[in-house]
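2 protein chains.
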Amino acid sequence: MTDIIISLTVEDIRFPTSLEKDGSDAMNKAPDYSCPYVSISTQSGISGNGITFTVGRGNNIVCEAIKLLSHLVVGQDFNSIVKDFGTFWRTLTSEDQIRWLGPEKGVMHLAVAAITNAIWDMWAKRESKPLWKLLVDLEPEQLVSTIDFRYITDSLTKEEAISILTEMKSGKAGREEEMKLAGYPAYTTSCAWLGYSDDKIERLCKEAQAQGFTRFKMKVGSDLEDDKRRAKILRQTMGPDNLLMVDANQKWEVQEAIDWMRELVHFNITWIEEPTSPDDVLGHAEIAKALKPLGIGVATGEQCQNRVMFKQFLKAGAMQFCQIDSCRLGGVSENIAVILLAKKYGVPVCPHAGGVGLCEYVQHLSIFDYICVSGSLEKRMIEYTDHLHEHFETPCKIRDGCYIAPETNITRDQLMVHLCICFKKLISTHSIWSLGTVLT
Amino acid sequence: MTDIIISLTVEDIRFPTSLEKDGSDAMNKAPDYSCPYVSISTQSGISGNGITFTVGRGNNIVCEAIKLLSHLVVGQDFNSIVKDFGTFWRTLTSEDQIRWLGPEKGVMHLAVAAITNAIWDMWAKRESKPLWKLLVDLEPEQLVSTIDFRYITDSLTKEEAISILTEMKSGKAGREEEMKLAGYPAYTTSCAWLGYSDDKIERLCKEAQAQGFTRFKMKVGSDLEDDKRRAKILRQTMGPDNLLMVDANQKWEVQEAIDWMRELVHFNITWIEEPTSPDDVLGHAEIAKALKPLGIGVATGEQCQNRVMFKQFLKAGAMQFCQIDSCRLGGVSENIAVILLAKKYGVPVCPHAGGVGLCEYVQHLSIFDYICVSGSLEKRMIEYTDHLHEHFETPCKIRDGCYIAPETNITRDQLMVHLCICFKKLISTHSIWSLGTVLT
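Chains as they are written, first to last, in my numbering: chain A, 1 to 440; chain B, 1001 to 1440.
There are no misleading hints in this set.
Here chain A is said to cover these stretches of chain B; the calculated rule only asks that three of the stretch's residues, wherever they fall, bring their Cβ under 8 Å from a Cβ of chain A:
1) 1044-1057
2) 1087-1096
Far from chain B by the CB rule (all over 10 Å, computed), these chain A residues:
3) S47
4) Q142
5) R175
6) D259
7) W260
8) E263
9) S376
10) H389
Since the hints were derived computationally from the structure, they do not count as laboratory data. Just so you know, even glycine gets a beta-carbon here, dropped at the ideal spot from N, CA and C.
For reference, chain A alone in the conformation it holds in the complex (with noise of 0.2 Å):
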């Protein structure tokens, strides 16, 4: 039986977060949390909603390119759909004009990753599932045919991530009640954005740790004094056995991020987290290497355009600790990809999230992570920020500095609300940002 999918519209959301410097840092000095808002509907009545993430100017080009690629999702059968997404998801990153203007990064694979979650939005709602429980219960044949393994055979072929998958669902049950229970464990990057004073910096942090928050991230970068004195503020406010991760955000070349980093060495950082441009993966290589000996990790992926570089990253040694992007890869289906890469590599998954939904996104992928693939939450947690819930009509839930996984005993109205994304009041959050034009 076929049910066609009859309408994909897409709305161009902003919000004034540069008003109080929140998520400002070495690079993005005032960013305006943003992103195109993607909704579908099939002839049979289901629905499925999907952003992608901006920082503010240029969320409306985000928008064209999804109205561009419109063409090859209205009038598409959804059950067919899913049943071989991967190949469905290769029409989007290869229609043969289209793709000249990628291929598979920027704008147009932020397009693919709105319209990817939408559809997966819709599977997890026609099953009446949290889009992790949907990931969790389809057979391992079942979620492998949802990616497209182009360009990633040389290090992982659709056999060996049926393996992986099929080898892991020993235990699956009790990882899954642990999920509910304790939940996946977070970290915070609200406590130190670079464009915060030193008293907010102390205050917030107390207030995380008050929170049950034991992992703290600090932006980095801009002058190495500050950064001391930040670092200096936070450890003694934290204690010494919490961890403490530091982020460029891309400010440096390769020997000033080493540089950099060994005046840092002190206040015992785990990760450095995208010290320069993210397309070298050279580079990170380098600075990796040196940072070794430190016992300093190189953590990178929130601008890594597709698998084709995490590959890359993964196989090269220059990611010790690999940030999966919901919003900039191309969708929940080559997260997937990703995920079951940096197992084939032995390296901890810790989703970038913040901005705009991304908390409400990763917790899906990491619970997933943690029970069908890598069965370890060593060295692995999911950034936090605290911005921007309030306009989820399911926020994330955050305990004791863990995601408690998304409800699973839940009616098909509720999960109208529950699965990935879904705006509350959509008109008000027009009114807070007027830039935003709706766009059909």
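Starting from the known structure of chain A, arrange chain B on it as the hints suggest.
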């Protein structure tokens, strides 16, 4: 004295090349060669034009991206820009909200290319010189100031770049004369598009030889037996001593590329172009290593997104032929950076051309490369295709299979139609393809 840029407009130009299967290959079945066409002008009345290239659908998205960047250009002082072009260029690629949409890749970088090319065109016009002559006459320090060295200093510093240019000053005048008289070697891609019949291939190859061409490229990658048959026809028609290159347009997996090329080795292939994903540095390195004993080099670059990727391809021995693209990289400035990087690693630059306007562009870059950087024509050639030149006021001139350097001894009025890109009767090109819309 200041000269403020007072306007920037962009037009969406498309040509229906898919009707004749011109430009067809393993990944681009039916391209419609297109370009956003940028026009800028200053208060003193100087103007410049620049393009980037796409293959049809989505050309409007790049036009929108150019409009998004235009606030960084209009209102700026043209004289200040050319005094410190590298810094200005970084404002285009690093605007703190827009950067998220790349960074420096895909749609946004294509937009940067069109704007940058327009400014270089304006500069050349102000100096009453063709672009290549402007580049050749700039002092090393001045030329290098047009480059943004961010993320490449681990391979090439500003000081090293100046040294390269200074050392090559000797013999410049002689090489300039040579370019005006004999020109820069070309190879042709026009004989063997994937959609052409065997008869057409044979006929076009004979015609090209009669015109003086001795180097030919064939599209491969859809069917191995077809490729063998077509290679045989070409090799028989062109004889044993002429050069034959093949181009897979990213069709293969890493191992598949190696296996496929082993089957074609008897046709004496100079290079395999784009064997796999343009993002896969390590994959290309593996292919290059496997094909080296067979005497086949790896060529890539037309979809290599920026200088950071070229740096890695060169460093890793992943490309034996460096195919810069005048419109994929961020315009003239970033192309100069890559030409200098290639010199550092001893890799010949063989620019990608064809499309619309690319032949008109890259001749300037290669002529500069020969006179000021490489000083050699060994293993070097510019791609040539014979499509769409009739739409330009001053099409490139090919004689005996070589690009002849555009004239220098012309008046300012003539220059308005000589430099970089200027369309003949712009309005008539609009009527060719009704999808084109005018954006201002």
